[in-house]
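Asks: Each chain, written out:
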Amino acid sequence: MHHYLIKRIIYLIFTLVIASMFVFVVVNATPGESAEVLARHLYIGLEEIAPPELIAEVSERYDLNKPILQLYLEWIGGILRGDLGYSILFNKPVNRLLMLHLPPTIFLTVVAMVFATTTGLVLGIFSALHQNRILDHIIRVGTIFSVSMPGFWVAVMLILVFSMWFGLTPISGYGGPPYIILPAIALGLHTMASITRIMRTSMLETMNKPFVMFAKAKGLPKRRVIVSHVCKNALLPVLTIIGTSFGTLLAGSVVIETIFSWPGIGAMLMKAISARDFVLIESTIMMVVFMFLIVNFVIDLLYHVIDPRIIYD
Amino acid sequence: MDILEVSELNVAFPTRYGLVRASQNVNFSVKEGEICVLVGETGSGKTVIGQAILHLLPQNAKISGSILYAGEEILSISDQKFSRLRGHEISLVPQNPTDSLDPLMRCGQQIAEVLDICGTSREDQLSRTTSILSDLSFSDPELVAASYPHMLSGGMRQRLTTGIALAASPRLLIADEPTKGFDYTARKRTVDMFLDLERMGIDSILMITHDLVFAEMIADTAGVLYSGELVEFGPAADVFSSPLHPYTKGLVAALPKNGMTPMPGMSPGLARLPNGCYFHNRCATPCEENSVHPVMRKVCGRFVRCNRC
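Protein sequences appear in the order of chains A and B.
Residue 312, in numbering that gives the first Met the number 0, is where the first sequence stops; the numbers in between run on with no holes.
Residue 308, in numbering that gives the first Met the number 0, is where the second sequence stops; the numbers in between run on with no holes.
If we strip away everything but chain A, and leave its shape as in the complex, we get (with noise of 0.2 Å):
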């Protein structure tokens, strides 16, 4: 187990330099001359064209001449102290920034994953046990449906039913409790869907293995058979599930939150992006990267506390 922590994080260190090469040298691949589209956003207004003296000007203020490796060394320097380097946009550190819109954005995915488990969780489990009869039916219809609507049209969809026609909550903005309804069911609905029809699938697989048949035999009430034997084990392939959508969910949030003006890191990466706004880009994408291999390594770790069979060296 021991060994087994140690390699483990070796590879999270690993895989987190991979990744910050890699959205490095994206991020600094955009196209369109990144001088002028950033003096345009400061400047002068985005339908004027940049004079080249500005341009010039622009790009010796912040560095966008220097080589990318320098670039990508002080960004990874920065990093290593804690310092994830300035925003020019915002005209704060980046830190700041994150530390005021990363809260929002955790609190709507924690939220979102909620819901899409516990729901899915007994939406598969009722449906696995009422299996091809009607609510059954009802149940996977809906799963399809929702697998295959878009994020953002199910988030207007949800304004316009539950917030304009039933007037129940608020159409958007960040505040209490019914502000976080909707974003997080449109969030989560698609992961909601996918939970529900591996839950089920897996409920009746191993429904029909022998130690469920055991189980019955040893005169076990059918309930207890189906929660102390069947429900956990069929939950071994949902928690993967759990551990990949935390990462769709986290980039689902971009756009769920601009529809709902939450104010998070989604609506902030947007004008960065516009903007050209490297370093706050990338710090931005580390930290989503961060905290979904953080996700998945207490996944991998919650699966050895489930099951005994899988040994770590």
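Don't read these hints as lab results, they were simulated from the structure.
One should not assume that every hint holds.
To be verified - The list that follows gives simulated cross-link-like pairs (lysine-lysine, DSS-like), each with its CA atoms no further than 25 Å apart:
1) 179(B) - 80(B)
2) 248(B) - 221(A)
3) 208(A) - 221(A)
4) 270(A) - 65(A)
5) 231(A) - 208(A)
6) 231(A) - 270(A)
7) 30(B) - 80(B)
8) 179(B) - 221(A)
9) 208(A) - 80(B)
10) 30(B) - 297(B)
11) 248(B) - 179(B)
12) 270(A) - 91(A)
13) 61(B) - 208(A)
14) 208(A) - 179(B)
15) 80(B) - 61(B)
Stated by the list, open to error - Every beta carbon over 12 Å from chain B, so not counted as near; a handful from chain A, in silico:
16) 20
17) 51
18) 235
Bear in mind that the values here come from a model prediction, so they are computed numbers and not experimental data.
From the three backbone atoms N, C-alpha and C, an ideal C-beta is built for every residue, glycine too.
Following the hints, complete the assembly by docking chain B onto the known chain A.
Replies: Frame of chain A; chain B shown alone:
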């Protein structure tokens, strides 16, 4: 006294290829204190009989006939009523010990949950679990109770599943192919274990197996199944030493100690059974005409399904 009496048991499964008649007009009984063995090849409907007794057949199975347990009808009662008998009246030693244990639950807990539904208190569950395990000659019962199934060897897993079946001291034990895939030593150990069960208070056993050598070692009464039908049933010593039905004769002749003479042909598919005798085309001494389906008849103290006997 008969602890189990199966009469005219029919089990069939509707499939795409027609009705598969897995078990037809099966009649036999298990007396209190005896080991009854049903032998038959793969697909002869052995397992289906065990599952029918324990109400473990899939929902699409069509079942008719009657099964009396201690004089009480158990085939037609509801699953809910029957589940009260499972475990502490009739219990099962499953076919495949490895797949029959929950991989995520500690071995001790898998025994204890049987005791739990019988209303044993938590402290007693622990001591009972330990005593059951040491009765099954586990040298370190506490360690076994704390380990997970994948940590045990195949033989230990089998003793463990037997231990689970015995936990609530049932009166009748149904063992489904307990020697499947075992070598000679493992088989010998299993025989000793089953013969030893009497000491633990279990005396009536219905054993289902394809292993004729094992059956001979252990059985008091024996039944031979062919294509879903019982073709011979009687005292084990008689059945194995002087078989009457040509199929039983063929099986006995095919044993290594009797020269390993193979029987020609294959058993007919259960979906397309012929009208007359199912064994006709493989029979060494066939009747001239195969139009009458043979019925079970009493011949020299046992039952045989053959028109010629």
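Asks: Hint by hint, note whether the structure agrees.
Replies: Now the hints, each set against the structure:
1. 179(B) - 80(B): violated, 32 Å
2. 248(B) - 221(A): Outside the cut-off at roughly 44 Å; violated.
3. 208(A) - 221(A): Roughly 15 Å between the alpha carbons, so the hint for residue 208(A) and residue 221(A) holds.
4. 270(A) - 65(A): Judged against 25 Å, a Cα distance of about 24 Å means the pair holds.
5. 231(A) - 208(A): Holds: residue 231(A) and residue 208(A) sit about 13 Å apart, inside 25 Å.
6. 231(A) - 270(A): Given that 25 Å is the threshold and the Cα spacing comes to 45 Å, the pair is violated.
7. 30(B) - 80(B): holds, 24 Å
8. 179(B) - 221(A): violated, 28 Å
9. 208(A) - 80(B): holds, 24 Å
10. 30(B) - 297(B): holds, 18 Å
11. 248(B) - 179(B): holds, 23 Å
12. 270(A) - 91(A): Holds, at roughly 14 Å.
13. 61(B) - 208(A): holds, 22 Å
14. 208(A) - 179(B): holds, 18 Å
15. 80(B) - 61(B): Status holds; Cα separation ~20 Å.
16. 20: Nearest chain B Cβ is 40 Å from residue 20(A), so the label holds.
17. 51: Per Cβ check, residue 51(A) is outside 12 Å of chain B; nearest 69 Å; holds.
18. 235: Non-interface label fails for residue 235(A): nearest chain B Cβ at 8 Å, not farther than 12 Å.
Checked against the numbered hints given earlier, the structure breaks hints 1, 2, 6, 8, 18 and satisfies all the rest.
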